[in-house]
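A.B. asks: The residues making up each chain are set out below.
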Amino acid sequence: MPMTGVLRPGHIQLRVLDMDASLTHYVDRIGLLETDRDDQGRVYLKGWDEPDWFSVVLREADEPGMDFMAFKVDSTETLNKLEQGLRDFGCKVERLPAGELKHCGERVQFDSPTGHLFELYVDKDYKGNGLGDINPHPWPEGLKGMKVQRFDHCLLYGDDLDGFVELFTKVLGFQEAEKVMGGPDGQLKIGTFLTCGMKAHDVALIRHEEKNKLHHASFLLRTWEEVLHAADIMGRYKIPIDIGPTRHGITRGRTIYFFDPSGNRNETFCDSYDWYPDFNTIVWTEDELGGAIFYHDQQLNERFLTVVT
Amino acid sequence: MLSYLNTAFTISIGETGTSFTCRSGEMLLAAMTRLGKKGIPVGCRSGGCGVCKVHIQQGEYVTGKMSRAHVSVAEEKQGYALACRCQPQSDLIIQVIGQMRRITHDL
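Those protein sequences? They're chains A and B, same order as listed.
In the working numbering, each residue's number is its place in the first sequence (first place is 1) plus 134.
In the working numbering, each residue's number is its place in the second sequence (first place is 1) plus 1128.
Just chain B, same shape as in the assembly:
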């Protein structure tokens, strides 16, 4: 068995029942896209645009820097995070908050 699979976590998206595996040290959005899974909107993947915002309902995780325009200090304490900047430390159950919000002129 490959060593990274020894420390992999299961990420479940509550509403849809979708789940995928995230390696230890991997951002959960990267884990979702790596194998073509869907469920969380994918934007800049760098903590800036906010479209992959999630609420972690159960489980442990750490986060990298995220734009305060999209996750305030208070929200961060309440379990909100950007999936692209969220490293699971256990299995997680999450709810998708962000969306691709097109506010360009309506095409």
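For reference, chain A alone in the conformation it holds in the complex:
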């Protein structure tokens, strides 16, 4: 499948209350690699198997949450075209110069109907996965903790879900892989899972009264055994688990939700499915939401619906 336009999630900037505690969490426990710091005190991290220089940026602040999430696009032509589309849609758009985030080219930052900030960019310095491109080994030595492969996706909470879906599908070319329908006549969309490539979701949103909330930032593992190993790390270091290990009905992921030292929810997961653009959108109904979200015990966890940053 030729992949054009928006390629994949590129990075997320998270606010944390205490940088040292956060680095212990994200580097020593989750297993991201520190790749740089800047004069604002931000720390740049990546999963071992990600080619580009960074995918997670931590910024110390008074309140946790997400500053922005960015997507990599295939060319300057795409960037310019999408920027015009965003302006026509009514987004507030700003160009941020190359180097504002180290190792990253110019970024087009824009707001969304739910108040979340997103970015598009073309260029980021190549870092590689440490294995080289010629006769590489399958994995590097010396990885720490949960050994996550990459930053994978976000689930966000916000109010104007319909506007959010319109922006991502009509302007940015995402497709809706799965959705949750509710309301008195089943016509109110309460959850959407959007993809720009071949994953079941690159960004997802659940309808919620407040704007601009982060539900979780997710990191990819390869196997269920690795998910269970991640759970062992959480037990060993008393990292607060939200729920899991369990399976999602939605997207089929096998998962654990847990919290970083600032209360931002993280996920480590494995196993989903490959999405092709001719697939039908999967529909979940509100009356079966327990199993849609937590497939094993078929029950909603109150914390899942209430705790966001």
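Just so you know, the hints here were simulated from the structure itself, not pulled from any lab data.
Please note that a few of the clues may not be correct.
Residues from chain A shown here face chain B by an in silico Cβ test under 10 Å; the list is partial [said to hold, decoys possible]:
| no. | residue |
| --- | --- |
| 1 | Asp152 |
| 2 | Ala155 |
| 3 | Ala195 |
| 4 | Val305 |
| 5 | Gly307 |
| 6 | Ile377 |
| 7 | Thr380 |
| 8 | Ser396 |
| 9 | Asn398 |
| 10 | Arg399 |
Each residue gets a CB set at the ideal place from its N, CA and C atoms; glycine is no exception.
Dock chain B against chain A, hints included.
C.D. replies: For chain B alone, coordinates are given in the frame of chain A:
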């Protein structure tokens, strides 16, 4: 007797009469959940979400970093804290302020 029990404090939740023991150096929410006690809502347990907000009515304690979205500087001075970031230094009497507030689409 185990040494940690030598420096343990009793935490009492005023309204309910529930009480539990908190070790020296332990966060009071962790002390509550460790033995399955209930009374304070349990959220992120990391100072971020605010659902475990309490008002300390009596006793000494220290706090770690808490989201300013949930405990302002003024509130902190008035004895408000997140239980997950509150380390008792004496027996405490507390009032529960936080709640699990579901503001997702009403299911």
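A.B. asks: Does each hint fit the structure? Answer for all of them.
C.D. replies: Hint by hint, here is what the structure shows:
1. Interface hint at A/Asp152: satisfied, since its Cβ lies 5 Å from the closest Cβ of chain B, which is below the 10 Å cut-off.
2. This hint holds: A/Ala155 has a C-beta 8 Å from the nearest C-beta of chain B, less than the 10 Å allowed.
3. Taking 10 Å as the C-beta cut-off, the interface hint given for A/Ala195 holds, the closest approach to chain B being about 9 Å.
4. Interface hint at A/Val305: violated, since its Cβ lies 24 Å from the closest Cβ of chain B, which is beyond the 10 Å cut-off.
5. The restraint placing A/Gly307 at the interface with chain B is violated, with a minimum CB-CB distance near 27 Å, outside the 10 Å limit.
6. Residue-level restraint check for A/Ile377 is violated (minimum Cβ-Cβ distance to chain B is 12 Å; threshold 10 Å).
7. For the restraint placing A/Thr380 at the interface with chain B, the shortest Cβ-Cβ distance is roughly 18 Å, beyond the 10 Å limit, so the hint is violated.
8. The interface hint given for A/Ser396 is met, as the beta carbon of that residue sits about 5 Å from the closest beta carbon of chain B, less than 10 Å.
9. At about 6 Å, the closest approach between the beta carbon of A/Asn398 and any beta carbon in chain B falls short of 10 Å, and the interface hint on this residue holds.
10. Of the supplied interface hints, the one on A/Arg399 holds, with its beta-carbon coming within about 7 Å of a beta-carbon of chain B, less than 10 Å.
The structure is inconsistent with the numbered hints 4, 5, 6, 7, although it conforms to all the rest.
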